[in-house]
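These protein sequence lines are chains F and X, in that order.
The working numbering numbers the first residue of the first sequence as 1 and each following residue consecutively.
The working numbering numbers the first residue of the second sequence as 154 and each following residue consecutively.
Since the hints were made in silico from the structure, they are not lab data.
Incorrect hints may appear among the rest.
As the list claims (entries may be wrong) - Reference listing, derived: stretches of chain X covered by chain F, where coverage requires no fewer than 3 residues with Cβ under 8 Å from a Cβ of chain F:
id, region
1, 219-225
2, 394-404
3, 458-465
4, 848-854
Heads up, the beta-carbon is just placed ideally off N, CA and C, and yes, glycines get one too.
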Amino acid sequence: MPIAFELNGTPASLESDPAMPLLWALRDVLSLTGTKFGCGIAACGACTVLLDGAPVRTCVLPVAGIEGRRVTTIEGLAATRYAALQTAWIDAQVPQCGYCQSGMLMAAAGLLAQTPAPSDADIDAAIGNLCRCGTYQRVRAAIHRAAKALARA
Amino acid sequence: MKRRTFLLSTAAASGALLVGWGLMPPRSRLGDAARFATLGEIALNGWLRFAADGTTILAMPRAEMGQGVHTALVMLAAEELDVDPASVRLVQAPAERIFGNVATFVAALPFHALQADGDERPVGVRAAQWMVAKVARELGINVTGGSSSVADAWRPLRLAAASARSALVASAANRWKANPADCRSENGKVFHAGGQSAHYGELAAEAAVRSPGEARLKSRAAWRLLGSAVPRVDVPAKTNGHAIFGIDVRLPGMLYAAAKFAPQPGGTLAQADTATATKMSGVRHVVRFPADSGGAAGIAVVADTTWQAKQALEAMTLAWNAGPNPTLDSDRILADLETAVRVRSGFNFHDRGDVAKAFGAAKTKLEAWYRAPYLAHATPEPMNCTARVDAEGVELWVSTQVPDFARAAAARAAGVSTDRVRLHARLLGGGFGRRLEADVVAQATRIAMQAGGRPVQLILSREEDMRHDFYRPAQVARLEAAIDDAGTVTGWRIRSAGDAPTPRWVERVMPEIAAVDLLDRSASEGLFDKPYDFPHQRIEHVATRSGVPVGYWRSVGHSHNAFFSESFVDEIAHALKTDPVAFRRTRLAKTPRHLAVLDLAAARSGWGTALPEGRARGVALHESFGSIVAQVAEVSRSAEGRPRVHRVVCAIDCGTAINPGIIAQQMEGSVVFGLTAALYGRIDIRKGAVQQGNFPDYRLLGMAEAPVVETHIVPSTRPPAGVGEPGTPPIAPAVANAWFTLTGERRRALPL
Chain F
1 MPIAFELNGT PASLESDPAM PLLWALRDVL SLTGTKFGCG IAACGACTVL
51 LDGAPVRTCV LPVAGIEGRR VTTIEGLAAT RYAALQTAWI DAQVPQCGYC
101 QSGMLMAAAG LLAQTPAPSD ADIDAAIGNL CRCGTYQRVR AAIHRAAKAL
151 ARA
Chain X
154 MKRRTFLLST AAASGALLVG WGLMPPRSRL GDAARFATLG EIALNGWLRF
204 AADGTTILAM PRAEMGQGVH TALVMLAAEE LDVDPASVRL VQAPAERIFG
254 NVATFVAALP FHALQADGDE RPVGVRAAQW MVAKVARELG INVTGGSSSV
304 ADAWRPLRLA AASARSALVA SAANRWKANP ADCRSENGKV FHAGGQSAHY
354 GELAAEAAVR SPGEARLKSR AAWRLLGSAV PRVDVPAKTN GHAIFGIDVR
404 LPGMLYAAAK FAPQPGGTLA QADTATATKM SGVRHVVRFP ADSGGAAGIA
454 VVADTTWQAK QALEAMTLAW NAGPNPTLDS DRILADLETA VRVRSGFNFH
504 DRGDVAKAFG AAKTKLEAWY RAPYLAHATP EPMNCTARVD AEGVELWVST
554 QVPDFARAAA ARAAGVSTDR VRLHARLLGG GFGRRLEADV VAQATRIAMQ
604 AGGRPVQLIL SREEDMRHDF YRPAQVARLE AAIDDAGTVT GWRIRSAGDA
654 PTPRWVERVM PEIAAVDLLD RSASEGLFDK PYDFPHQRIE HVATRSGVPV
704 GYWRSVGHSH NAFFSESFVD EIAHALKTDP VAFRRTRLAK TPRHLAVLDL
754 AAARSGWGTA LPEGRARGVA LHESFGSIVA QVAEVSRSAE GRPRVHRVVC
804 AIDCGTAINP GIIAQQMEGS VVFGLTAALY GRIDIRKGAV QQGNFPDYRL
854 LGMAEAPVVE THIVPSTRPP AGVGEPGTPP IAPAVANAWF TLTGERRRAL
904 PL
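Pulled out of the complex, with its shape left as it was, chain X reads as follows (with noise of 0.2 Å):
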């Protein structure tokens, strides 16, 4: 059993295994300079490194997906070491502990959002926070998910960056015999009062002798860079044809691979007649694969070109045995999650006060019940992965959110070491959860095995991608509140009930301990952390199996439980006849960040003064991520008789904000991706086959409906948080919300 594999399946097995291993302090995240050095470069710890020509070098562990996060871990080192951003070469980081995203895995734990960070967290919480950082840091897993990678980079990338400057000043100082005080370092040079300077490619041999220096952040007075709108580094190439995703992977010798899946989760394929396909112009080889990494059995045709692979492929006739669950119904699913509900107790998430007492002495209760259906990532670079296998291994092109799990999907479906699989990281076009999988990894890997040592692009359809996703989990949830005689909520009660997807997202991607049903906080984030003050709560959720595929999707359980709880919000303070926005401040007074968070999102939306006719608006406020967000969406009626949202106002707390313009972008994106699914999100699933299959049928927003995004940034001293996905959840509530002003009429399920 391999390391990783021993240490996953105890972590999972007892939960506390700690006693006896080493520490790891974040230190231990530089990494020893010896291990990353490169010929002609010289590095000076595990992410940086110089060239001759006094280029700065970061290895880049994470995914730039949109979300912007090259240019911020650009910005922390170029910070520290007072190089200009635009000039940092980035290369991929090899796979090494030290790059693993610790902070994603911390976040995963099931702790109310006000206890989970902060000096004021219970003794429990920081307990459970240092083991389960231990346990990341010891494993390294590379992910580039759940709006982490700010986060965790925070610490060990500036003190990567400071003890490399101060190795370099030090250098410097030793080669002019001078007091280090006396030098000061700027645009990637160390300058001397005496007038002597040098760049850090002439000083880094005899600084890798001093590494790691003195690592001593800068204050945040003298920060440059952060803060402040530093141009994105990728915007350039993806204005002119040069960016490279994965489906732009280009190799001497390379064919072209289509494919078509079995329709049905866990379905194979029958029989193929493939007589004419394989006489067709261009076409290689025919090859049928099995499931495999959550992917679906299926065949795919290589060829010297995707048009003739996509041609043999329609020329074949296919038949396909059902999958274990023929007759899976997304209507059907959602009907036996509502009586999952009634008739199941669930987990409980979050207990405070006596509810069944509060809702006992209730003089009013208010009771609903919401909805979400599946969703499709829909990920414009459809999914694709290029794969040479030979003699020595499998090597891999591929856009992914994690590196390691496509490596290890690779070995298993190659049946060699993972050691023997390297992997090329290129630019995804778009992730939002999608990329955290390897299935198409194994499929492209079971393909090229057949191709003779020549590297294979396969790449999916539209449909093959939308029918064979791993989709954001339906959701039901029943909502009560228990109202006293003086008209104050004292109950706040909610069961919901929906596949988990944490775990069965485990057993895709570390199938060495896929027999442990993980406890998955995801189902029910967004319902049982909310911020009010309501003294008598119980939050449960009941983690369901439906069968229906089912992943990560931007926000994950915040997508869908915001619209649940913050139209319920809404929802009591209409009957309670209270201004929407003066009713959640009134339950918001111990805890002023979101207080200040929904101020300032309801001055700048003008919040309470008169529209045109015809207009309304709503407002949510919901927290993710780390991140409180609030929104307030000004919505009309369209022709076609749906909200039609032409504003909104988004004020967002994320600790200190790295780059405004980047966090701009983002809550423009995240508003446009949850009114997309807000308005016409859903995926049917009929006779256990999904519905949908192209964007006509998966309506995306178009730029005719776009709102106009406004974004205020709350200032703030705290580390960063997340900002690629708390965006999102807020924009469903505030439209349904803004909806309810405007017509009288309440929206509990999605789509509006």
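Pulled out of the complex, with its shape left as it was, chain F reads as follows (with noise of 0.2 Å):
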């Protein structure tokens, strides 16, 4: 049986192994490589997307977790409204690398929607994700400067 979602707005479906998790089928059956692998057991969250608005690590998910709901990766985050996040990325100049910038981003949506202006310690909290070059004072000021755009918008 098909597992039937919606993916970054569009519906979608997947044939795969249920067992499979969502990280692999985005990678290796979709083709969808911003989404990235990089620990295998979510404690580094590079594989990060946003299931139902919510972000979730996708290297631990199995795909029959995701019938019907909605899934948004990093390729799909233009098209919502934070859009504004990718903008303050580019201002910010966050990214070195760039490896777990997908992964951040996709955790940042997620607490902007929880959480439309959040404080450093919000930020400390929502957004455990690793980041080997040390970008994080950065993301920090990038979420900051990105809530501010969206309270205006």
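Given two chains presented individually in distinct reference frames, assemble the corresponding complex, making use of the accompanying hints.
Structure, rendered in structure tokens:
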């Protein structure tokens, strides 16, 4: 039985093993490679996407769990109101190697959906993503910047 | 024997073999335009081509791994060409000698930092640097490492762009029967005072005939780009999922591989029960492969998706043969290193005055032992490589710092000549030195050889990546100071012991010359080349062979040696009851650049002013990769009882600052990278096997623990030096020194 869901605003279906984590289905079956593999145990956050608007780590999320739900990946972020984060990311020159940044952006989108004007403590609590290049202070600045832009919008 | 192999082995064997070689000045790195011609585009030299629509195309030899090198090299070219940096299209540079990294080989010479650059270099230093530069130009090895890319490209790339620009302007002037002096270039076009204009694409064909044009570099006063925070060219694609890293390559018919490796270095696969695995859904092949290019022996499953390959791998029952060192243990190695320091003399990297006499006459002697553990790179993008092997040869898609060595490794693995290996370079999800290796290229090639001509993407699990790294070597050092009656430091003596990474790396990437155990400055860098004016010095290093695979880790020897030396300088200051900044200042009178960097960090951090209760400052000053960095860290005690770093003020003299925005980024990133190691980093080896495997047990600093980093750049007109690594070494000692001020407790082992 194919698994039907919504992917970046469009109906989609997957015929893969229901136990396959969404990460590998996105990357290897659907060729959406913006979502990254980092650890495989939900420790680093590189694989974060939004599931019904909330951030989830897809390396441990079986595709069986997305039946009938809305998945938003980094490739679909620009079509949402959280495109403001991408603008802020460019303005603050956040990425270095960039590998973790898809996950960072999706976690930030999840945070702003829940908490439109996050404090530093809110950011610390919500952004558990790991960045080996050490972009944290720019991530923080960009989230604040995007929150302000969205409040004005 | 191939030319490069011959040159390398001769270079390594004699060290001075250059008589009779043709002179290759920097101009020779422009490249002959005819050699780089491409359909529909016109080359003016090896670096620059122009499309019919006027687009500037830059051949990019260096790997972007976050350090901003693509942007920096675009800036060098765009400045001299007068084009918009955002409009420059990058293409991968071919495997040609002009793209070899000369600067990084010159920097490997074991000279004291104070003698290695500037006009005051001794004749012997100049001669050795000239010879190594000549050899490096001849070899043309493309390496992105050693924080050297901008220093290396500084002259050849600007000359390539300036000569292209002058040929374009001359062509326009000729077309308009005008004086070139009445023509100017701007934003990819040539304009004449009379009103005519033409873009570079329209002029390139004629310019090619006139190329190379006169190469006169702009004066600094005329710079529009260099020295400003030009936005990075790679950032937009890194915010929308479109950036393609090695792991993101997707090809028609591609298969995916997952692998397990022998747990111990040198181990082999004894037995594999693959009956269940081969019957599982999506599984195509099971491939056993031997140790190669530093990579471990192991077994791989090739399947339609990574998930299926992983599942099948888990369904196998595997038995491994032990390696030659089945009892390897990192604690015992550290104990052995301490013994080596006590009983062996080592190589003398720096000698000044009469250190024995200074210690004999000393009123007070200080002695301290410092130690540092093995570290893994933990690149966020796990090691991976995509390979296709067919009758034509090998095709690779890989994120690598060493494309030439990657091709050579694939050629060895497949048994073909290197010219039958094509390599497509992709963005690196972190490098930090790990991607100076070609182990995974050899493994992917051997796996793809069994896949019937289909491309195979091998991705290491995080655990296999962490357990089969080339680790930052463990190191132990004894540091001693002799202080006379007047309270003056007269003697400074250090003996360290640890594995030297360079000869081990050479064995892996250039096995043709593996017989030579090279002298490795990186083992002692950060100890033998300190700027402090202590009159009597002796700095030795005992190079050991532990059996643990060791490699280059961001800032290499400086990463631990700066912790040793800058902590010990702090110890001396406290023993003399002197302020640590004031004490350093007394020893920097002859090195004004270092003094200026220290003073800038002290001033901007408010050194000496009051802090809130429970906080203390610590300072460290360190030169590496041609750049001088001082950091002042503000530290408190965390709930876990560890140092909690709130703010780091960073001052840097990196010569000419090409892009201050990227320099600030690199300081921020280097501090987090170094702080992660200082607080948490350690790889333990028990019974020959690495114990840590993933982020819960190899902890990385997170958002909530990241300090605010402020960067201040010392203005300079010297040539540009490194920025990717020099911010890492000072943070551990700055934090340890603050911790001492805060608690009275001196931490002499990493992690703190």
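Which numbered hints are broken by the structure, listed smallest first? none
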